[in-house]
Amino acid sequence: MFEFPVLVGDIGGTNARFGLIETAGQQPRLLSHEATADHPDPSSAIRASLAKGGGPSPRSAILAIAGRVDGPEIQLTNAHWKIAGQRIAADFDLSAAVVVNDYVPVAAGAADIEPHDLTPVGPCPPVPGGARVVLGPGTGFGAAALVPYAAHLAIVSTEAGHTDLGPVDAFEEKVWRVLERVEDRVTVETVLSGPGLSRLHAAIAHVRTGQPHGKIEPAAVTEAGLNATDPHAAETLELFGRVLGRVCGDLALTFLATSGIYIGGGIAPRILKVLAESGFRAAFEKKAPFAAMMRQIPTSVITVHDPAFRGLAALANEGAKFVYHGQVWRKEA
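Residue numbers (the working numbering): 564 to 896.
Rather than coming from a laboratory, the hints here were simulated on the basis of the structure.
Incorrect hints may appear among the rest.
DSSO-like cross-link-like pairs, simulated, lysine-lysine; straight-line CA separation at most 27 Å [said to hold, decoys possible]:
1) K836 to K849
2) K836 to K778
3) K894 to K645
4) K645 to K615
5) K894 to K884
None of the values given here were measured: they were computed from a predicted structure.
Turn these sequences into a full structure, and let the hints steer you where they fit.
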């Protein structure tokens, strides 16, 4: 499907990273990081990256973007770029160009992820042959499923981060009443993200003190919570862990992900101790009448460096193995 060398890209609203897989079977070589604000369009950023990284010219490309891939041209949510695979292919004389949601390669990478690249949270018995879900709270909340389909693995992109999220006990009800809403909604991403940590902390401080509380940066919440210098921050991380467990359980039920839940993103690897002690696993398993099944589903945090690039390499090197939705352009023979 892909002609080598293959250009790979991981494009977010603020930064884009590009790499090059020069021959089949290799992992990508990082070319550069490019700030989206520094370039008028993705082709400009790719030119700059190729100039910095050197090497042969690409013959095809696969790009992952933080957004829904739903047409021939995609407007990035948090940047001015419009991404069209056909235009990029024309600009660089490529034989093929593919654009996918950023969790498609993370799911592809989970197909053959090694145990040493994972940190289990709770009991993790191996259960081969079933569906898997990858998800991640970071700047936003992404999720995709990897589902066996005949001889292939189907990757199902989702917008699970934009589903509604409600409280489950009296304390959460108090928190939810004062929680900052996004477009008048409380969604999974409203809570389970970097900005969500800031919102949760402000809401918990409001409930505990009886006074409105300003938001602080997510990194400050994490640091204060882990170092026990702010009781509201510590409570925030504990609630974050429980809610994450609940949402992971919901997605496990949705896709019958008997082969496991894999948590990526930038937050989970930093709070592994909290996840182990916060009630994450209890919340994950509390899914009557299927609690017994849930106890058999492993949950792990992806601790390998750069799962997106590894997944892009899997899609480039083993393209026939996967079935996935994306914006696909190929030059006609």
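Hint by hint, here is what the structure shows:
1. A hinted pair counts as satisfied when its Cα atoms are at most 27 Å apart, and K836 with K849 qualifies at roughly 21 Å.
2. A threshold of 27 Å between alpha carbons decides the hint, and for K836 with K778 the separation of about 24 Å falls inside it, so the pair holds.
3. With a CA separation close to 21 Å, the supplied pair K894 and K645 stays within the 27 Å bound.
4. Between K645 and K615, the direct Cα distance comes to roughly 23 Å. Compliance with the 27 Å bound is thereby established for this hinted pair.
5. A distance of roughly 22 Å separates the Cα atoms of K894 and K884; the hinted pair therefore holds under the 27 Å criterion.
Figure legend: structure checked against the earlier numbered hints; every hint is met.
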